[in-house]
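Chain residues, written in single-letter form:
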Amino acid sequence: MTVIATRGLTHLYSKGTPFQVAAIKDINIEIEHGELVGIIGHTGSGKSTLIQQLNGILKPEKGTVLLEGQDIWASKASIRQARFKVGLCFQYPEYQLFEETVYKDIAFGPRNMKLDEEEINRRVHKATEFVGLKEEHLSKSPFDLSGGEKRRAAIAGVMAMEPMVLIMDEPTAGLDPHGRDLILNLIKEYREDTGNTVMLVSHSMEDVAQLASTVLVLENAQVAMSGTVEEVYSRGEELSKMGLSVPQVTRIFAGLRERGLDVDTNIFTLEQGRQELLRFLGKGVPV
Amino acid sequence: MIKDITIGQFFPGTSFLHRLDARMKIVLTFAIIVIIFLCKSFFSLGLMVVFTVALILVSRVPLKTILKSLKPIIFIVVFTALLNIFYTTGDANSWTYEFWIFKITEKGVFTALFMAVRIICLVIISSLLTYTTTPTGLTDALERLLSPLKVFKIEAHTIAMMMTLALRFIPTLIEEIDRIMNAQKARGANWESGSLVNRAKALIPVLIPLFVSSFRRAYELAFAMECRCYTGGKGRTRMKQMKFGVRDFAALVLTGTLLAGIISLNIFFPKVI
Ligand SMILES: Nc1ncnc2c1ncn2[C@@H]1O[C@H](COP(=O)(O)OP(=O)(O)OP(=O)(O)O)[C@@H](O)[C@H]1O
Ligand SMILES: [Mg+2]
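Chain order of the listed sequences is E and A. Position one of the first sequence corresponds to residue 2 (this note's numbering), numbered consecutively onward. Position one of the second sequence corresponds to residue 386 (this note's numbering), numbered consecutively onward.
Just so you know, not all the hints are guaranteed correct.
Listed below are the simulated DSSO-like cross-link pairs for lysine-lysine, each with C-alpha atoms no more than 30 Å apart in a straight line [unchecked claim]:
#: 1; chain 1: E; residue 1: Lys-115; chain 2: A; residue 2: Lys-586
#: 2; chain 1: E; residue 1: Lys-141; chain 2: A; residue 2: Lys-586
#: 3; chain 1: E; residue 1: Lys-60; chain 2: A; residue 2: Lys-453
#: 4; chain 1: A; residue 1: Lys-628; chain 2: E; residue 2: Lys-60
#: 5; chain 1: E; residue 1: Lys-86; chain 2: E; residue 2: Lys-26
#: 6; chain 1: A; residue 1: Lys-453; chain 2: E; residue 2: Lys-16
#: 7; chain 1: E; residue 1: Lys-16; chain 2: A; residue 2: Lys-449
No lab work stands behind these hints: they were computed from the structure.
Next comes chain A alone, as it looks inside the complex (with noise of 0.2 Å):
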């Protein structure tokens, strides 16, 4: 059914990752995809690989769940390993192997191989992110980062409270999608046979009742706001505030070494394999 599409993946819990503040982790990840990207030789990308697998076990996240996630670029890793395989030419002093018009090179196949754990490990790092993380305290988080974008006349906190409310809606959303469907299937509607033109058009009914009700829904929910006195962001507290701890600090330093490992390593182990 429709309804069964799960938006934003947080999954609860209270580890080390859980409890980090959002900003940090927001900032952490892109550090750490960065660094992905540093990664030169096998031995900082395995670096890399035992650091992403510590997050997983910190993080205790179900592998499960993790796996999951890495299913929609199941293609894209194959797709790409293939024409790394392919279109990689060799170096003289490694083996070659060919049949018909296919040429496979021992640089190719670890290339292949190199990009794929680096497509996964980016994966798995930035679905962490969203895993450890309400949807809300990314929204609270980002507000944060952006706010210094006021320069520019950007208000990060209208963006932000649109992205939250966005959301909070898309759940009920879809439930009314559901709903209006089946009251119009009820009177006899039909989408699923039909030439394309007709198909289309036996979606009116349910767009129109579907807009009337999100108009409806938005004009409550601003007259609810205001009743309770929202004017923007200006001189807005929050309940929850966020604050940097030990921990954050802990998480910086961490990854700084994870940066210096991994250059490192590159320099002293430059050699691909």
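Only chain E is shown next, with the shape it has when bound in the complex (with noise of 0.2 Å):
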């Protein structure tokens, strides 16, 4: 089933002056029901552009996107259900923290859609505990948690809405290491037990193989490839005239394959790596 779609999306940015550009051109795609679609381009290539048109924060210039089949720009009430069904998470969410207690920000997004008391409670819990922040924290000022802390009670802000298709814009900017892998394992989570859609936008190539089942791939303004992670990264030529690189542990075989040996070139992961190499070491080395 097609949840959200796009027909011939286009946007201008300061339309009408010398400044104007087409930061997304012509899109059109078909995100299927609990796929996790990964969304990745070159800086400036219209990522967060086209994210925002899909929650009807951006208007389109030209083409339609549709949620569930309907145009979200029907009528003011259907705009409002798209904010509400397609959560939009930007990039550094923790500056739109602003209310006095963690539990009050995270309930506003579900206080906007005027649940009742009994309902936000349950969300903002479910939500709390599924980003990994303790009890404790509801009661504090959203000001006092730490950076992490920060980022994460802004994502269960928008987890609380419980949306159809949860988007995220680079969650794992300026996170370290191990801020990046609780963040990337709650993304995986939450799609594994809610069977939503999710997208993900990164530059990180390594995260989007670790994670989507579809990868969607955007140069300037325009989709240049979609398909599967096999699919696109198997392009590693293309990728790389766009100024992406496939990750290093895919650089690492398709050289260990120059040099003679018989491994697989379709390695996108650190864990397949491991077992491809476990197997090619089980079977020995070569004369």
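If you follow the hints, you should be able to join the two separate chains into one complex; please do so.
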């Protein structure tokens, strides 16, 4: 089932001025329910613009965004519905925290949805548990949390709306490796638990390889490639022309292959690499 | 979008006006504004118009850009012109035109025209200053011009530094507001409908993060400045030394000539028309 689709989606910034740029041009995508879509692309390729179109933060210049087959800009009510059904978590979401307590901040979204107090309470606790914050954090001021905790509190604020599609714009930007793993795991678990669609914008080809089921590559405001991780990552040369490089481990295996070792080159994560090496070593070293 | 507001309207270039010393430009701009008010006859005002047009040509700022700066004052110009047309009583030996309760006199029409041209010249001259001077150039020059105020314990340097920083951070803040508004919109915040009180309340989720990040930025900036040994204006030298050159004296002489021309036209051709 297709959750989100776009038809000829185009967005202009600074329209009508000499600075006018088409940040995305004629984008046609279809996102299936339950997928974890990785969106990659060089800086300025239009990733953030595209995802802000999907829940109606930005209004398209041309084209439509279909949420479950309905045009999200059909009416005022439909646009509000889209905001709740498609949860968008911006880059550096910790800067959106504002309430007195973490609890109130996470409850901001659900409260805007006009849910009753009991339901809000349930969702806040669920989201808090999900992102790995503790009960005692809820009564603290969000400004007293550490950087990583703030980030998780902000993500919880979006998750608490229980959106059908969760979109995250570079959720790991500026975090240390440990914080990064925490967030990535959280996204993975969220998808496994809820079965909801997740879209992940990332600069890290490694992160996308680890999590995503399908990949969308943007280049110069257009979709340059789309498909499964294997399909996209096997086109290493085209990717590097766009300024994107396949994961380090993939390059290692390509190098091994070049040196005459009979290894599989479709290796995109460390885990796959480990398996392949074990398989290969078990087979013995060639003469 | 909120970001499209332009702050400061510097128009890059290398014309005579662009290369004038900013201090001289500020002083001369004030002088010319005073001169505009000295124009008493159509001849002297005519000279002023010629001078203004010449300045526009010299600055090489496109006419379209200049006209844009006139847009906000169209209303004022039209309004004063109308007031003058209807409220000036004519003298006996000129025509008048009457209809319904209105009475238009020849003198009224000319006064209106006179005022309109004056205001337009005024605005063009002062926007030429900002078109041909960078905002930092302006604040630097202001600092120099205000530095004699030290006698009254007014720190011109501090004021100028604050102005420079404020100018520097306006675009940053606008971008920040945009970003926070979008983030809260994504969580269902709504300040486009509802009662006035509710709409005002809906701004809290924008204002608080904005204040928080502004304070954060201010601290960071202060630390960064301290790390680079900033201790205020005392003993501070500049990368760009301001020096008066031949050009600046030429401009001074030119403005002096304009003043002399206007005054003599006023004396020798005193007739309003
Ligand atoms: N608010 C804006 N006003 C004008 N132009 C903008 C604005 N936001 C983005 N752009 C331009 O639109 C283009 C696409 O920007 P976008 O933010 O979508 O890129 P991105 O792929 O998310 O980049 P990054 O990886 O750096 O986040 C860029 O050329 C950018 O300069
Ligand atoms: Mg981006």
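Comparing the hints with the structure gives:
A C-alpha spacing of about 16 Å is found between E/Lys-115 and A/Lys-586, which places the hinted pair at or below 30 Å, so the restraint holds. Pair hint E/Lys-141 plus A/Lys-586 holds up; C-alpha atoms about 22 Å apart against a cutoff of 30 Å. Simply put, E/Lys-60 and A/Lys-453 have alpha-carbon atoms about 28 Å apart, close enough for the 30 Å limit, and the pair holds. Our distance criterion of 30 Å between C-alpha atoms is broken by A/Lys-628 and E/Lys-60, whose separation comes to about 51 Å.
At roughly 25 Å between alpha-carbon atoms, E/Lys-86 and E/Lys-26 fall within 30 Å of each other, so this suggested pair holds. For a cut-off of 30 Å, the pair hint linking A/Lys-453 to E/Lys-16 stands: about 18 Å separates their Cα positions. Distance restraint check for E/Lys-16 and A/Lys-449: the Cα-Cα separation of roughly 18 Å lies within the 30 Å cut-off, and the hinted pair is therefore satisfied.
Going through the hint list in order, the structure does not satisfy hint 4, though it satisfies all others.
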